[in-house]
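Enquirer: Next come the chains, spelled out residue by residue.
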Amino acid sequence: MYLWPLLTTNNDAVRTAQIGLKQLRTQEAATEWGVVMAGVVVVLLPTLILLFLGQKQLQKGLSDGALK
Amino acid sequence: MIKKTKWMALLTALFAALFLAACSGGDAEETKAKEGGKSSTDNKKSGGRTEAVFWHAMSGSGQESLDAIVKQFNESQDQYTIKAEYQGTYEEALTKLKSVGGTDNAPAIIQTFEVGTKYMIDSGFIEPVQSFIDKDKYDTSKLEKNILNYYTLDNKLYSMPFNSSTPVMLYNKDAFKEAGLDPEKAPETFKEIKEAAEKLTKKKGKNTERYGFSLLNYGWFFEELVATQGGLYVNNDNGRAGDATEAAFNGEEGLRVFKWIDEMNKAGTYGNFGSNWDDIRAAFQSGKTAMYLDSSAGVTTTVETAPFDVGVAYIPYSEEAERNGVVIGGASLWMSKGNDDEKKKAAWEFMKYLQTPEIQAKWHVDTGYFAINPAAYEEDLVKKKWEEIPQLKVTVDQLQSTKSSPATQGALITVFPESRQQVVTSMENLLQGTDPKEALDRAAKETDRIMEQSARANKK
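Going down the list, the protein sequences come from chains A and B.
Position one of the first sequence corresponds to residue 872 (the numbering used here), numbered consecutively onward.
Position one of the second sequence corresponds to residue 910 (the numbering used here), numbered consecutively onward.
Calculated directly from the structure, the hints in this document are not laboratory data.
Be careful, since some hints might not be right.
Okay, derived cross-link-like pairs now, DSBU-like style, lysine-lysine, Cα gap no bigger than 30 Å in a straight line [to be verified]:
#1 Lys-1346(B) with Lys-1175(B)
#2 Lys-915(B) with Lys-992(B)
#3 Lys-915(B) with Lys-927(A)
#4 Lys-1294(B) with Lys-893(A)
#5 Lys-1051(B) with Lys-1271(B)
#6 Lys-893(A) with Lys-1051(B)
#7 Lys-931(A) with Lys-915(B)
#8 Lys-1094(B) with Lys-1294(B)
#9 Lys-1007(B) with Lys-893(A)
#10 Lys-893(A) with Lys-1094(B)
#11 Lys-1108(B) with Lys-1094(B)
#12 Lys-1246(B) with Lys-1086(B)
#13 Lys-1346(B) with Lys-1051(B)
#14 Lys-1051(B) with Lys-1108(B)
#15 Lys-1051(B) with Lys-1246(B)
#16 Lys-1086(B) with Lys-980(B)
#17 Lys-1292(B) with Lys-1312(B)
#18 Lys-893(A) with Lys-1271(B)
#19 Lys-1086(B) with Lys-1112(B)
#20 Lys-1254(B) with Lys-1271(B)
#21 Lys-1354(B) with Lys-1007(B)
#22 Lys-1086(B) with Lys-1051(B)
#23 Lys-1292(B) with Lys-1094(B)
#24 Lys-893(A) with Lys-980(B)
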């Protein structure tokens, strides 16, 4: 999800979150870690909400298949 | 059962909402996105303006500053529009260029790191900026000579320097005071560093709480330590008198560097923090190492965030050699060959705009990279920043006092990134206990092999 989207797109509006996070870091100058942390949290939120909502189903699905 | 269906409905609704949110984002943005998705390298004319695409590798604060400069340029005149696009690291941008280089799909301007210089010259993708300098009678004498030297080959300037940096030594003034050293006078030679490092190293039982000196395990720093002694990296005057065929960095200058590191490492005063910039900076800021080399572009942030007084000094040199100065690092801007004249003109106008003192002053203050045009240092913006952070001036002084020679001009090799990797491996071996000469010779031999391979491949 990083290299391929980077190679095929040119516009920030259609790029993946991974590229966005990479852009928050600098190469040679010092990175502002506070900004990186904030970015990571924002990207994480949707997945996290989805996980909490579906946790029961997820657990059920996993344990259903695991029982003999 | 009913409960389940309800859940399912809720989930479906949620997905739908997320999907719609991701796909809308306003009409204007959507059309823009579509254009971008197709091919933004279609440098087409829009409303009488020529659009030129500019690929860069600036992320973080550098990108913010660059985007602001591009916006200013676009608003300053009505003939050209520069479109700045982030394309990942220098390596990634170069990979991407290889697929379109030389065609009219290539970006009008591409930013490439200094070690890619020889590759770009040989690639056939680019138009030397010298042709525009001649046509336009542009006066390059006002630009920093020590920076231009790097990108000049056979009296031809191939690319326009943009973000240039050099290494400097950063040290912890508080630790110096604690160890009884003069915080205003940094050690200058290898020997002085070694002695200071012994005093600065603090041990608690078997653990070392603070190391005296550290070096980022990155080829650039080794190159600089060789060059400042006047040593060459490769033969044929660092590849500037003719194509380089053999590595020269395993001569006495290079060996002095390796021996010096080895001695400190064995004495337990050398802290190894790997090859990640952020790691060694964290080590310095948390007081785990008292002296280290960093890029001049990292000075501002380190000075501002460190909980102690930070001193900045010239990079060390061997007492057996003279101090020659530094080779510049960073990147420059290249013009594509395959584009039509209008786009090249746009690229050239933008490059000229970048070199104006006002823009250079902003760039220097925002990022810590050098001003290519020294007139920028007279701007109020810079003067104010230097009052705030006097350490920044040291980096400029070091560059301006550099003696120009093939050694400080820097090496030109097509396979520089690969050679750097070999030096890094040898450094690792050295720290594991390999004999300095053996480790260094191995890197030189590998470099010879890679250079020979690439020379053979290019002949075809």
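Enquirer: Now tell me if each hint is right for this structure.
Expert: So, going through the hints one by one against the coordinates:
Taking the CA atoms of Lys-1346(B) and Lys-1175(B), the gap is near 15 Å; set against the 30 Å cutoff, the hint holds. Between the alpha carbons of Lys-915(B) and Lys-992(B) the distance comes to roughly 49 Å, so the proposed pair goes past 30 Å and is violated. As the CA atoms of Lys-915(B) and Lys-927(A) are separated by approximately 14 Å, the hinted pair is consistent with the 30 Å bound. Distance check on the hinted pair: Lys-1294(B) and Lys-893(A) sit about 28 Å apart at the alpha-carbon level, within 30 Å; holds.
The hinted pair formed by Lys-1051(B) and Lys-1271(B) meets the criterion: a straight-line CA distance of about 18 Å does not exceed 30 Å. Between the alpha carbons of Lys-893(A) and Lys-1051(B) the distance comes to roughly 36 Å, so the proposed pair goes past 30 Å and is violated. For the proposed pair Lys-931(A) and Lys-915(B), the alpha carbon gap of about 17 Å is at most 30 Å, so the pair holds. Taken as a hint, the Lys-1094(B) and Lys-1294(B) pair is honoured in the structure, with Cα atoms around 23 Å apart against an allowance of 30 Å.
As the CA atoms of Lys-1007(B) and Lys-893(A) are separated by approximately 22 Å, the hinted pair is consistent with the 30 Å bound. A distance of roughly 39 Å separates the Cα atoms of Lys-893(A) and Lys-1094(B); the hinted pair therefore is violated under the 30 Å criterion. At most 30 Å may separate the alpha-carbon atoms for a hinted pair to count; Lys-1108(B) and Lys-1094(B) meet this at roughly 15 Å. The suggested pairing of Lys-1246(B) with Lys-1086(B) is violated, with an alpha-carbon distance near 56 Å, which exceeds 30 Å.
Only pairs whose Cα atoms come within 30 Å are accepted, and Lys-1346(B) paired with Lys-1051(B) is rejected, the gap being roughly 43 Å. With a CA separation close to 45 Å, the supplied pair Lys-1051(B) and Lys-1108(B) exceeds the 30 Å bound. A C-alpha spacing of about 26 Å is found between Lys-1051(B) and Lys-1246(B), which places the hinted pair at or below 30 Å, so the restraint holds. Annotation: proposed proximity of Lys-1086(B) to Lys-980(B) is violated, straight-line Cα distance about 47 Å (limit 30 Å).
Using a Cα cut-off of 30 Å, the hinted pair Lys-1292(B) and Lys-1312(B) holds, with the two alpha carbons roughly 26 Å apart. The suggested pairing of Lys-893(A) with Lys-1271(B) holds, with an alpha-carbon distance near 24 Å, which does not exceed 30 Å. Restraint check: the Cα-Cα separation between Lys-1086(B) and Lys-1112(B) comes to about 17 Å, which is no more than 30 Å; the hinted pair holds. Between Lys-1254(B) and Lys-1271(B), the direct Cα distance comes to roughly 24 Å. Compliance with the 30 Å bound is thereby established for this hinted pair.
For the given pair, Lys-1354(B) sits about 28 Å from Lys-1007(B) by alpha-carbon distance, which is consistent with the 30 Å threshold. Straight-line distance between C-alpha atoms of Lys-1086(B) and Lys-1051(B) comes to about 42 Å, which puts the hinted pair past the 30 Å bound. At roughly 24 Å between alpha-carbon atoms, Lys-1292(B) and Lys-1094(B) fall within 30 Å of each other, so this suggested pair holds. For the hint pairing Lys-893(A) with Lys-980(B), the CA-to-CA distance comes to about 22 Å; that is within 30 Å, so the pair holds.
Violation of the numbered hints given earlier is confined to hints 2, 6, 10, 12, 13, 14, 16 and 22; the remaining hints are satisfied by the structure.
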